[in-house]
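K.L.:
Each chain, letter by letter, is given below.
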Amino acid sequence: MREVMLLYVTASGPEEAKRLGRHLVERRLAACVNIFPEMHSFYWWEGKLESSREAVLLVKTRKELAEAAREEIVRLHSYSCPCILEIPVAGGHPPFLEWIYAETPSR
Amino acid sequence: MREVMLLYVTASGPEEAKRLGRHLVERRLAACVNIFPEMHSFYWWEGKLESSREAVLLVKTRKELAEAAREEIVRLHSYSCPCILEIPVAGGHPPFLEWIYAETPSR
Amino acid sequence: MREVMLLYVTASGPEEAKRLGRHLVERRLAACVNIFPEMHSFYWWEGKLESSREAVLLVKTRKELAEAAREEIVRLHSYSCPCILEIPVAGGHPPFLEWIYAETPSR
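Residue numbers (my numbering), protein chains in the order written: chain R, 76 to 182; chain P, 76 to 182; chain C, 76 to 182.
Note that these hints are calculated values from the structure, not bench results. One or more of the hints may lead you astray.
Copies of the same chain look alike in the list, so a pair counts if it works inside one copy or between any two.
Unchecked claim - With a cut-off of at most 25 Å between alpha-carbon atoms, the simulated DSS-like pairs for lysine-lysine come out as follows:
| id | residue 1 | residue 2 |
| --- | --- | --- |
| 1 | Lys138 | Lys93 |
| 2 | Lys123 | Lys93 |
| 3 | Lys138 | Lys123 |
One chain only, chain R, in its complex shape:
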């Protein structure tokens, strides 16, 4: 079965999310990126409990490309320590998994 990975990434807002998402697809580091434009977060930062409005990217790519995609996000992201979590995919609609592979030619 084609091994696919989802990357869950947060961004400072919809504009940054779209900029990162388009870039990953353009560079064929992802077949598709889904952006959720409205998210509120709570977190500790330098000893204070903060809350802010952010956006989320869900990046669909080959498992073998997850690290390269992650490094590219870190390179371009406005945060010093961006949230990038890898969520495993157990399976899916076979033609869609094939499509992810077709759109992300191996390096």
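Based on these hints, arrange chains P and C on the given structure of chain R.
P.N.:
Relative to the frame of chain R, chains P and C by itself:
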């Protein structure tokens, strides 16, 4: 432990997402469907980088029903190759996992 | 590698989601909580197919704290049987995984 699966599905918009979601629950192929009405996606389609507004369904069902739910989505979906990804669930609130089983009687 | 877990939780609306999210972070049961304020759900409840507007929390914590976080959510939640699903994380940006550990000192 009860084995549960999440299906991550994209749709052309909130109306299609609700139609598919209601149908899956009605047919007891899912105990519950959560719909995120606003999502922007970037992807390659026929050699062009496209972006469009979509909606997302998160389908909660028994692991053993994931394939049947997937086939029903493909049957009804407006896309020729819909995004359906299976996200494994490691655990959860036991009574809720039981509830998912109670609402999706085995075939 | 640092073992991290995502908890997917639904709530009656953005206010409850924020109350629960802030509380988990305050108590250091989570390093960060992302809230999606708008979600529509379909589900069976007492023999009737219901639909309602809800909100979603995505709780980022250590794997070893998932159970304690889950119990605290159940204790405070307005539902009698809240949806709390544990989604495994396969990896991620190493400094971010370290940050999750740093913000959730072990009990």
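K.L.:
Please sort Lys138 with Lys93 into within, between, both or neither, judging by C-alpha distance up to 25 Å.
P.N.:
within (22 Å within a copy, 31 Å between copies)
K.L.:
Regarding Lys123 and Lys93, is the shortest C-alpha distance of 25 Å or less found within a copy, between copies, in both, or in neither?
P.N.:
between (29 Å within a copy, 17 Å between copies)
K.L.:
Check Lys138 against Lys123 for me: Cα-Cα at most 25 Å, and say if that holds within a copy, between copies, both or neither.
P.N.:
between (36 Å within a copy, 23 Å between copies)
Violated hints for the displayed structure: none, as all numbered hints are satisfied.
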